[in-house]
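> Single-letter residue listing:
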Amino acid sequence: MSSDAMAIPSATTEARPWVEVVHEWVTTVDHKRLGILYIVYALIFLLVGGIEATIIRIQLIRPHNDFVSPQVFNRMFTMHGTTMIFFVAMPILFGFANYLVPLMIGARDMAFPRLNAFSFWLTALGGFLLYFSFLGGNGLYGAGNAPDVGWWAYAPLTAKAFSPGPSSDYWTIALLVSGFGSIGTAINLIATIFSSRCPGMTLGRMPLFVWLNLVMSGIVLIALTPLSAAQIMLLIDRYLGGHFFDTQAGGSAAIWMHFFWIFGHPEVYVLIIPSFAFMSEIIPVFSRKPIFGYPVMVGATVCIAFLSMSVWAHHIFTIGMSSSANSFFAITSMAIGVPTGIKIFNWIGTMWGGSIQFKTAMLFSIGFLFQFLIAGLTGIMLASAPFDWQLSLSYFVVAHFHYVIVGGILFAVFAAFYYWYPKMTGRMLSEPLGKLHFWLFFLGFHLTFDVMHFAGILGMPRRIYTYEPRPGWETLNLIVTIGAFIQGVAILVFVVNLVYSYFKGPKAGNDPWDAWTLEWSVSSPPPNYNFASIPVVESRRPLWDLKHPEDPDSRYE
Amino acid sequence: MSAVTGPVLEGSLEWKLPYKGKVGMASLIIAESAIFTIFVVAYLFYLGKSITGPTPREVLETPIFFTICLLSSSLTIHLASKELENGHRKTFLILWSITIALGALFLFGTGLEWHRLIYERGLTISTNLFGTTYYSLVGLHATHVTLGLVMLTLVLLFGLADRVGMDQSARIATLSMYWHFVDAVWVVVFTVVYLVGR
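So the sequence lines, in the order shown, correspond to chains A and B. Just so we're aligned: the first sequence equals residues 0 to 556 in numbering that gives the first Met the number 0. Just so we're aligned: the second sequence equals residues 0 to 197 in numbering that gives the first Met the number 0.
None of these hints come from the bench; they were simulated from the model. Relax, there's no trap hidden among the hints.
Over the 12 Å line for every Cβ pair with chain A, so calculated as not near, a few chain B residues:
no.	residue
1	Glu-60
2	Pro-62
3	Ile-67
4	Cys-68
5	Ser-71
6	Ser-73
7	Glu-82
8	Ile-93
9	Ile-99
10	Arg-115
11	Arg-120
12	Asp-161
13	Ala-183
14	Val-186
15	Val-187
16	Tyr-193
Incomplete in silico selection of chain A near chain B, CB under 7 Å:
no.	residue
17	Ala-110
18	Ile-186
19	Ala-190
Nothing here was measured: the structure is a model prediction, and the numbers come from that model. C-beta atoms are modelled at their ideal positions from N, C-alpha and C, and glycine is treated no differently.
Model the full structure from these sequences, guided by the hints.
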């Protein structure tokens with residue numbers, strides 16, 4: 000991992016011996032370096048999780064395939080899900096937040112730099128533990144044995160009788176450790192945003208990126224901790240003979256589901272709200288207009304955060320709850336559509352009448368808007384309990400949440416890369432390669448996940464390692480797998496772009512996009528202490544004020 | 000390098016932000032509350048669901064004395080940090096030591112209770128659902144008391160070495176926030192385990 004991380008800043012550190020450079024990166028407490036470490040770490044796991052997805056898709060390319068055994072298939076979907084959520088999506092979003100929040104609020108570092116480093120290394124240790132299970136799952140003497148209980152690890156599958164050996168414990172401890180890391184980062188972000196803003200940066204003037212990451216951190220505090228609590232209970236069950244999830248002693252398997260999804264659903268918002276944050280910075284800049292409805296955007300985000308705490312059981316309609324509980328969770332889940340719709344309208348309102356520049360970052364943003372809307376619509380379909388009874392645990396659900404996570408979050412992350420890469424490295428990413436990346440990924444994404452909806456409606460269950468030849472299923476699965484390969488090629492184009500542009504890309508300068516937030520006021524990459532003198536701001540767009548002293552925003556606030 | 004300086008409003012800009020330690024500690028307390036909530040929910044959900052004995056009614060005794068100890072330590076730590084703010088280091092150290100003693104006494108009480116339950120009543124964490132939920136919830140709280148005591152003791156050691164003065168009063172106030180939280184959680188745990196649960 001570290002060797003890739005080393006590559007990024009070498010422009011300034013070429014002459015020194017590599018040991019010294021490594022030492023500097025390992026011991027760093029600088030929020031920019033930690034941000035890059037998070038991002039590089041997540042990119043490596045993105046490749047690993049992608050390879051696992053490819054293995055799953057090759058196995059399912061035709062009926063009765065025997066590319067991998069059923070046992071390996073189970074491990075692959077478990078590791079794919081766990082990796083992508085905990086060791087790709089979260090660290091990559093935390094990385095951007097770490098890098099950008101202090102710069103955007105005019106601070107020199109996070110509130111607690113050492114806690115920041117500690118949190119990153121906890122997350123890193125978690126990922127390492129999870130993958131060490133391939134070696135250590137059977138105590139190093141047998142064949143490898145990664146966890147195979149699914150990313151939500153329902154009881155009683157995790158009981159000693161059904162998961163002998165320590166493989167599930169690697170899963171538990173990996174998530175517990177990285178969970179503590181995430182909580183540390185959330186505390187740090189909140190303290191930074193409240194206590195380190197530069198003079199004039201009132202809450203109402205903070206960039207939406209900062210606001211949304213503040214809300215995200217709040218959700219992490221309340222929603223990630225139930226998972227930690229449930230993991231502690233699971234460890235008590237497995238190692239101290241407890242009975243929390245032991246049905247034979249009166250325990251309940253259903254309560255694990257509740258605890259898991261009390262974490263699991265807000266987790267979706269922990270991931271999507273930072274993606275909204277990217278959109279709220281990128282769309283205005285490439286539409287050449289300030290964001291439409293700033294206070295409403297903040298209000299809608301807070302509203303989503305509150306609602307997200309009361310919708311978890313729509314993931315488990317099929318376990319049989321009372322009809323009043325079903326109605327409650329159906330209504331709250333559908334209600335989330337309202338603030339989310341407000342946000343989509345606001346982004347479109349921002350683009351409306353703007354002079355839109357179709358840079359790669361903007362293409363990914365428009366893709367995000369379009370796909371996230373569809374993901375939201377299938378979400379409302381699944382929020383209706385009777386519809387969910389029919390399609391739960393089918394490929395329709397798999398298609399739905401991949402539409403959110405790939406079509407929404409990943410597209411937003413790519414947009415963020417094209418937008419902020421110049422700030423982080425000092426070099427522009429190649430636009431032609433970027434456009435190739437976008438169109439390939441767009442094509443592959445829709446081939447894979449549009450078609451998956453149909454396989455689900457035709458009744459294909461998720462998590463099956465093979466299937467009978469049936470009318471419809473064969474062709475659909477073939478198309479899905481072809482789409483997955485196209486996405487894989489697109490990711491390779493992206494990686495090539497990252498590496499090539501790092502060395503050969505045109506110099507970015509301070510402010511390549513003519514943007515308005517404080518991070519663009521400093522050099523690219525920013526100096527060690529970010530700001531030689533702490534800036535003073537008077538409006539939501541401090542750089543606009545600076546560039547247009549004849550017509551500053553502050554006049555209208 | 001940094002281009003933005005903007006027009007500085009000399010003196011007219013009142014710029015006060017909250018102390019980062021307080022914000023951080025408040026965030027930690029919110030996170031910890033969520034953890035405790037899940038354990039409390041599990042305790043309440045499993046009340047009366049044990050298949051075998053013993054039941055809470057048969058074996059639990061209300062630890063009134065030790066509860067008074069813990070709750071009054073909240074008062075002493077509050078007074079201690081006020082004394083430090085006013086620069087009275089000696090009274091601070093005395094009150095601080097009393098806080099530690101009261102906390103340790105509480106922990107001793109938990110130890111006594113567990114010893115009695117395990118050796119006289121035969122209730123362990125694996126006996127039944129009551130045992131599992133009881134030891135987890137009370138144990139989680141006791142873990143927090145222990146952690147708190149470690150931090151309080153560190154402060155005491157620094158204090159004895161004359162390293163704690165008025166400059167540190169904001170940090171001391173932050174630490175006492177944590178201690179108040181541990182006490183407040185005990186009020187909830189006490190209500191759930193010894194009042195509602197029996």
